[in-house]
Amino acid sequence: MIIQILLLSGLVLFSILAILLKDLLKAALSLAVASLFLGIIFFRLGASYAGVFEISVVAGLITVLFALTVALTRKDSEVQEARLTRLVFPLFFVIFLIIDGLVMRSLLQQVPALPAGPETGTFGDVLWKARTFDLVAQLGVILAGVLAVLALFRKKEEDKDE
Amino acid sequence: MVFSFIFLPLVIAACLPLIGKISKKLIPDVLTNATLAFLLINSILLIKPIFSRGSLLQNINWFGENVNLQIALDGFNLFMLFTISLVSLCITLFSIDYLKHYGHQANFYALLLVMVAGMNGLVLVPDLFSIYLFLEVAAVASYALVAFGLGPEELEASFKYLMLSVVASAFVLLSITVIFGLTGSLSFQAVARGLQDLNGGLVLGVCLAFFIMGFGLKAALVPFHAWLPDAHPSAPAPISAMLSGLLIKVSGVYALFRIVYSVIGMTPALSKVLMAMGAISIVVAALLALGQADIKRMLAYSSISQVGYIILALAIGTPLGIAGGLFHLFNHAVAKGLLFLNSGSIQHITGTRNLNELGGLGKKVPLTAGTNLVGALSIAGVPPLAGFWSKLIIIIALVQADHFGYALVAILASILTLWYYLLIQRKAFFGPLNDRWQHIKEAPFWMSAANVILALLCLLVGIFFSPIFKTWIAPAADALARGVQQVLMWGI
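Listed in order, the protein sequences are those of chains B and H.
If you're matching positions, the first sequence starts at 2 in our numbering and goes up one per residue.
If you're matching positions, the second sequence starts at -1 in our numbering and goes up one per residue.
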């Protein structure tokens, strides 16, 4: 129980740091540590595949991409944030904590649950046979992302009116 | 055949950037329009079998392997598929000439087709998590399309839209997670059956609140509307038309009401909440629209107000109310698509969207002025145009259900709507011609053609309202009104 609380606290703490830190590299690293905590929580809850993906992709690959992108930015491309904007996240976080403390604890004890449905089996079965449409949709998301990069990082004046 | 609604636009979208290297304009134009024309014909061909059988649950095999590629089709989602295909086709016809201004047609069409595939997928899948994923497919494509012009205003609007949309998706995903925890399943049928066996009142209430926040943000209901008046005017005109005409309805209204009616089941308390939110959106957005000088910004506020009508009507819960809501959804998709495309024509002709700089354009560009008038009067609810009948049905449904207060709000807001649309007419098309516009010409052929087709639809649907309503809208509304039973009957 203590380990679980420590892991959850670490996850929340590093997630907050990822949002609040001004240095982009430190923020990216905080996100990676938060993902690491989440990955460990997944392992402890028995979701080992989710844990593997969380640690390898989110904590590993995405952090590398963030670090590479940060390396390409220049000092003069920093944008000054309005003071009011900086207050938005802490304000919402406090409101969320209050709601969480007042509602969720009692609510979670009342959650009735039916046994898991037919979507059980090995990881391969679930991924390829039960959730096939999700794979199609994920291909769609990746395609949209690639096309977005092609469209938004194009040379603006190139090939107007052939 | 039904799977083509998802796979065909995705496959064509994947090929278009490569085709764009060979032909920058002609083949992308033809291929995109042909794809959407095929989907439109496909949706028309499905009308008879679906209305005679009631519903269709289809699964395909992957090279003989049994995989879960399952779609469900009934009157409600067929109605949505038809609307998506029809309005998208008109928008891509308009884009043939409009995109000369931007260039990069192949990339633009590819993103647009991914958005269409996302919306079609969202409408067809009978699974909560797949709905969330297809919601994201359409959303990711739309962020890029809003920023397609690459100007600072477009990029800022896209970023704001992205941030708020991610919050919306998080609420939706959270709610889906809780429902999965409750029922152990994600498919509509299993969840609907599971929730009937389960007394999850309070938890289900929290899930519904998250769904309303999430889908409310996507539909830009007041008070979740902050992103829309920035995103819609900043986008290129065809994308404004896609977002206002289709995306907010599919990813907001359709998804919310499909889940509320067909999976969880409508309750009197939920009906009251949604009706109140709809009525607030109608009034607040109509008042905000009045003070706008930018045509597209005024149209964006009008979209929030009209979505309010749709939500108000669908939340009544009676078959007539649902039919009125769906009919208004269709009419608004057509008329708002027309008005946003028309604003693109005005910008193309004059180079501005500011109403205070326009004036007297009707004398020089009668086709643009005439089609704008038809769209404006249809949304304002002037007979015999299509919007009049849908608003009339909504008001009759409200009166029949003893919601006299809401009926009064709907009537008064309709007068407000007419007021701000007449403001557009007076400032842009009537009055003395501004000297700056002495030498302007009508918009190019395809832009005008798309405007004319949509204007004719507003007119013809209004004139032939009775047969269209009986044969097309009422069966779609019945499928939704049957509630959870409709989903439990799928495949039987």
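Treat the hints loosely; a few may be bogus.
Derived contacts from chain H toward chain B, CB cut-off under 10 Å, selection only [as the list claims (entries may be wrong)]:
# : residue
1 : N64
2 : H102
3 : F127
4 : L143
It is worth saying that the hints were derived from the structure and are not from the lab.
C-beta atoms are modelled at their ideal positions from N, C-alpha and C, and glycine is treated no differently.
Status of the hints after comparison with the structure:
1. N64: holds, 7 Å
2. H102: holds, 6 Å
3. F127: Because about 6 Å separates H/F127 from the closest Cβ in chain B, which is inside the 10 Å limit, the hint holds.
4. L143: Holds: closest Cβ of chain B sits about 8 Å from H/L143, inside 10 Å.
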